[in-house]
Amino acid sequence: MAKSAEMPLIVTRDLRKVFRSAKRSPGALGALRGLFSPVYEDRIAVAGVSMEIERGELVGYIGPNGAGKSTTIKMLTGILVPSAGEIEVAGIVPHRKRRENARNIGVVFGQRTQLYWDLPLIDSFELLRAIYGIPTPHYRRSLDAFVELLEMGDFLRTPVRQLSLGQRMRADFAAAMLHEPPILYLDEPTIGLDVVAKEAIRTFVERINREQATTVILTTHDLADVERLCRRIVLIDHGRIIFDGPIERIKDEYGRERRLVVRFTEPTSAPAIPGARLEESDGMTARFVFDRATQRADRLVREVSERYSVEDIAIEEPELEGIIRHIYTQGYAGEGRSA
Amino acid sequence: MTVFAPYIEYARKAFAREATYRIELLAEVGSVVLRVYLLRSLWTALYAHNIAPTGLPLHAMITYATVAMLMSLVLEVDGTRVIREKLREGGIALDLMKPIVVPFAYFSDGVGQTMVHALAILPSLLFSLLLVHIDVPSATTLAAFVLSFALGYGVNFFVNFLMNGVAFWTLETFGLQLIVRWISDLLSGQILPLAFFPGWFGRAVFALPFAAIYSTPLLIYIGIIPPQQWATALVVQAAWLVATAGASFLLWRAAARHVVVQGG
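In the order they appear, the protein sequences are chains A and B. Using our numbering, the letters of the first sequence correspond one by one to residues 1 to 339. Using our numbering, the letters of the second sequence correspond one by one to residues 340 to 603.
Derived from the structure by calculation, the hints contain no laboratory data. No experiment lies behind these values; they were computed from the predicted model shown. Heads up, some of the hints might be wrong.
Claimed, not checked - Listed next, the stretches of chain B that the computed footprint assigns to chain A, with coverage defined by at least 3 CB atoms under 8 Å from CB atoms of chain A: (1) 341-349; (2) 353-366; (3) 417-431; (4) 436-445.
As the list claims (entries may be wrong) - Calculated from the model, a selection of chain B residues having no Cβ within reach of chain A, i.e. all distances over 12 Å: (5) 369; (6) 383; (7) 398; (8) 457; (9) 464; (10) 466; (11) 468; (12) 479; (13) 501; (14) 547; (15) 569; (16) 571; (17) 577; (18) 590; (19) 591; (20) 595.
Claimed, not checked - Here are some chain A residues the structure puts well away from chain B; computed CB gaps all over 12 Å: (21) 7; (22) 209; (23) 231; (24) 312.
C-beta atoms are modelled at their ideal positions from N, C-alpha and C, and glycine is treated no differently.
In isolation and in its complexed conformation, chain B is listed as follows (with noise of 0.2 Å):
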C-alpha cells in the first residue's frame, strides 16, 4: 500500500485545500438551485408553447436538466488545471525533483477536489427537490447510472487533461479552454439532450467523446437508454475514457521530453 500512499495523500490535501474555501462552496449550493428553478420555469414555458420531442415528456425533460445540474457540480471542476498554474510559475520543475509519478500526482489531486464540491451534491439536491420534482428510477437503472456517471467523471478528466497539456507548447491556454469549454457543455448534452439536434448533426454527436461526459450518464437515469442497451452505451464510455486516457499519455511523454530537452 505505500506506494499509493503518496497519492491517497495527494488527494487529502487537495480536498483540505479546497475545502478551505468554505463561502465558496456554500455560494455553489445557492447557485446550483437558483438554476434548477430557472430551467424548470424555461423547460416549462417552452413544452407550453412548443411540440415536445417524441418520448421526452416534461417531467423527464425537467429530471434531465436538473440531475444534468447536480453532476455539472463535480464535472465543472477542473482537477487539471493545476498543470497550467505550475508551468506558468514554474512549480512543475519541483513536482519533478520528487520521487512520484507526475500526472499520478495530479489526477489525485483532481479527485481530492472533485470530493469537495460532491459534498454539495446533497444539499443542492434537497433543496432543488423543494422547487421542482424529479422522477426517481430503480435501484437498478440508478447504479447503472453512478457507474457510467464515473466513466463519464474519468473522460473529462482527461478531456481536460489534454487541454491543459497544451499548455507545455503555449504556455497560455485560457482562450482555447474557452472555446473548447463551450463546445464541450453543448456537445456534451449538459445543456440541452443530444436529441434536439437535427438529422446527421444529431447523429453525429453522437459519435463525440463529449457524449460519454453527461449525455449517456443522463440518457440512462431518465429511461431513453433502455436496460438491454446499457453494457453497449457502458462500452462506448469505456472506450472513450481509454482513447483520451491513452492521448493523454501520449500527450505527457511528449510534454516531458519537451521539458527535459528543452528546459520547459
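The shape of chain A in the complex, shown without the other chains (with noise of 0.2 Å):
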C-alpha cells in the first residue's frame, strides 16, 4: 500500500513494552539461586498504547510518573525496541532505522543537556552542524534566527557551565532545532525554570509549532505549560491511554464541579443555599460547591444575594491541574477512553 500524503505523521498500533528483570531473593542463598536458576519479573511499561498524531499537532504527553510515558517517547526515538505492536514516524519504522529516524527528530530533555559544558555554546552549534550535514548558508540562517529568537547573542561565546538555566535550556532548544526536525520531542521542558524563561520557552514553542508546522509532542508535569500550548491531550495510566482528545472535553467531562466565592458585608455564620454544599467558611468569606450539570450559576447568584448582604461574588472554573490531580487519584470515568 502506497504511504498517502494524508497518513498521520505518527502511528502506532497497540504499541506494548515488557520488561524483564531477574527477581531476588533475599539472603546468600536466595542469591546463589539467583545465579543457577533466575526467576524472572515482568513489568508492563507499556500496555497497549494506539495513537495517531498529524503533522502540525501540538499534543500534550501527561500521566503520573511511572505510567509509561517516557517509555513510549524511547520507542518513537528509536532507542528502544517494542515487545509487541507497530510504530511508524514519518514512514519510518524507528528502532529498525534509528539513525535515518534520528534525522527527523529533535530532542529536548529539561534533566540534562546536549550541550558541550566546558566549551562556548557556539562550539556545540557547531558540532550539530557537522552531525546532520547542514549545509554552510542553510547553518547561518537558522542559527542566526534562533539567535535572534531565543536572545542568545549574548551568551553565544559563553562556557555553557556559566550559563543561567534559562539560558541553558534556550541554547538547547535551538540545538534542538538547528537541522529542523519535523518533529520535537519535549520532556519536561520547563522544569525548574523561573516564569520569565517559562514563557520564553512556551512562545518559542507556540511559534515554530504554528511558523515551520512542527509536531510537538510535551511531556511533562507543568499542566500550565499544557494548557497553555496543547489543543490535545493523551492522558495515559499504568501503561494505558485513559483519555484522548482535546482538553475542553476532558474539562467538561471533569470538570462538572465549580466554584462559589461569595464576600459579606458582614459576619455571616453558617451561610446556606440549596443545591450547594459549603466547603469553607470564615465569617466573611464562604465557598460553595456546585454541580455545574444540576444547577446554574445565575439561580444560585440570585438566591445568595437574595438572602445576605453581599460585596463581591466570583466563580471559580475548574483548573486541568485540579482535573488531572482527581484522576490520577480517582481513576477515569469518561467515555473518551479510545483513540
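Relying on the hints, combine the two individually framed chains into one complex.
See the structure below:
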C-alpha cells in the first residue's frame, strides 16, 4: 500500500513494552539460587498504546510518574525496541532505522543537556552542524534566526557551564531545532525555570509549531505548559491511554464541579444556599461547591444575594491541574477512552 | 568526505574541550620530568648494586624508562571514560538519538583528547634531555617504533573500551578499572621490561595483549627486537588489535541490545 500524504505523521498500534528483570530472593542463599535458576519478573511499562498524531499537532502527553510516558518516547525515538505492536514515525519504523529516524526528530530533556559543558555554546552548534550535515548557508540562516528568537546573542561565546538554567534551556532548544526536524519531543522542558524563562520557552514552542508546522509531543508534569500550548492531550496511566482528546472535553467531562465564592459585607455564620454545598467559611467569605450539570450559576447567585448582604461574588472554573489530580487519584470514568 | 565530517568534528571538539585544562597539561609535563629523573636515579642505584640482565645495559634501561614515560602521556588518556560517564548520567540516550555510529563518535572523541596530551610530549622530552641521556636509534628503527606505538595505541584503546563497556551492566566499574590498570601497567612493560620477570611467568606475559601496548614498541626502540624480527612483532600486535577490536564490537552489540531491550 502506497503511503498517502494524508497518513498521520506518527502512528502507534497496540504498542507494548515489557521489561524483564531477574527477581532476587533475599539472603546469600537466595542470591546463589538466583544465579542458577533465575526467576524473572515482568514489568509492563506500556500496555497497548494506540495513537495517531497528525503533522503540525501539539500534543500534551501526560500521566503520573511511572505511567509509561518516557518508555513511549524512547520507542518513538528508536532507542528502545517495542515488545509488541506497531510504530511508525514519518514512514519509518524508528528502532529498525534509528539513524534515519534521528534526522527527523529533535529532542529536549529539561533535566539533561546535549551541550558541551566546558566549551563556548557556539561549539556545540558547530558539532551539530557536522552531525546533521547542515549546509553552511542553511546553518547560518537557522542559527541567526534562533539567536534572535531566543535572545542568545549575549552568551553565544560563553562556556555552557557559566550559563543560567534559563539560558541553557534556550540553547538546548536551539540545538534540538538547528536541523529543522519535522518532529520535536519535549520532556519536562520548563522544569526549574522561573516564570519569565518559562514564558520564553512556551512562546518559542508555540511559534515553531505555528510557523514551521513542527509536530510537538510535550511530556510534562507542569500542566500550565499543557494548558497554554496544547489543544489535545493524551493521558496515560498504568501503560494505557485513559483519555485522548481536546482539553475542553476533559474539562467538560470532569470539571463538573464549580465553586461559588461569596464575600459578605457583615459577618455571616453558617450561610447556606439550596443546591450548593458549603466547603469553607470564615464568617466574611464563604466557598460553595456546586455541580454545573444540575445547578445553574445565575440561580445560585440570585439566591445568595437575596438571602445575604453580599459585597462580591466570583465563580471559579476548575483548572486542568485539579482535574488531572482527581483522575490520578480516583481513576478515569469518562467515555473518551479510545483514540 | 561528508561521512567522516561528524567524527572529525567530534575529535576537534574533544581537543578543544581537553585543551581548556591548560594548567593540568603544564603539571603533566612537570610530573613527567620529575619522574624521569627519579627513575634514572633508581635504575642507576639498582644497576650499581646488582647484576644487570644480559643485553640491557644501564643506558638502554634509562632510555627504556624515559621513552615509556613519554609514551604514557598519550597511553594513559582513557578516551573511553566518556562511556562510563554517559551511562551514569544518561547522556548515552541523547547520543543514540543522533544520526551517528555511537562507538565511532567515542573513538573520535578519544583521539581528540589524546592529541592534546600528545602536545606535552615534546616539551617533556626536551626537559628530560637536560636530566638524562637517552639513546637515539636510526631513522628506520624510529619509523618501526612509531608504527608499533600506533598499533599499541589501538590495543590500549580497545582494552579501555572493554573495561568501560562493562558499565553497561554494572554501571560502576571503578574498582575493576583500578585492578585492570595495575595489572596492565605491570604486564605491559611500562614499569619495567618484561625480561625481568622470571621463568615461565616471563614467557607468559609476552603472550598477553598488554605486551603489545608498551613492551613491543619499546623493545623495538632500544634494539632488543632486531630488524629481522620487526615483522613478526608488528603482526602479533596487529593480531591483538584485531582481537580486542572484535571483542569490543561484540561487547558493543550486546550492550546496544541490552539498552534497546532493557532501556539501559
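Results for each hint:
1. 341-349: It holds, with 6 qualifying residues against the three required.
2. 353-366: holds (count 3)
3. 417-431: holds (count 3)
4. 436-445: Contact hint for the segment 436-445 of chain B vs chain A: holds, 5 residues under 8 Å.
5. 369: Correct as stated: the minimum Cβ-Cβ distance to chain A is 23 Å, above 12 Å.
6. 383: holds, 42 Å
7. 398: The claim stands: residue 398(B) keeps its Cβ more than 12 Å from every Cβ of chain A (closest is about 43 Å).
8. 457: About 19 Å separates residue 457(B) from the closest Cβ of chain A, which puts it past 12 Å; holds.
9. 464: holds, 28 Å
10. 466: holds, 28 Å
11. 468: At roughly 33 Å from the nearest Cβ of chain A, residue 468(B) sits farther out than 12 Å, so the non-interface label holds.
12. 479: Correct as stated: the minimum Cβ-Cβ distance to chain A is 39 Å, above 12 Å.
13. 501: Correct as stated: the minimum Cβ-Cβ distance to chain A is 23 Å, above 12 Å.
14. 547: Fine: 29 Å to the nearest Cβ keeps residue 547(B) off the interface.
15. 569: holds, 39 Å
16. 571: holds, 41 Å
17. 577: holds, 30 Å
18. 590: The assertion about residue 590(B) holds, with a minimum of 18 Å to chain A.
19. 591: Label holds. Min Cβ-Cβ 14 Å, cutoff 12 Å.
20. 595: Non-interface label fails for residue 595(B): nearest chain A Cβ at 9 Å, not farther than 12 Å.
21. 7: holds, 23 Å
22. 209: holds, 20 Å
23. 231: holds, 26 Å
24. 312: holds, 51 Å
This entry does not satisfy hint 20, going by the numbered hints stated previously; all others are met.
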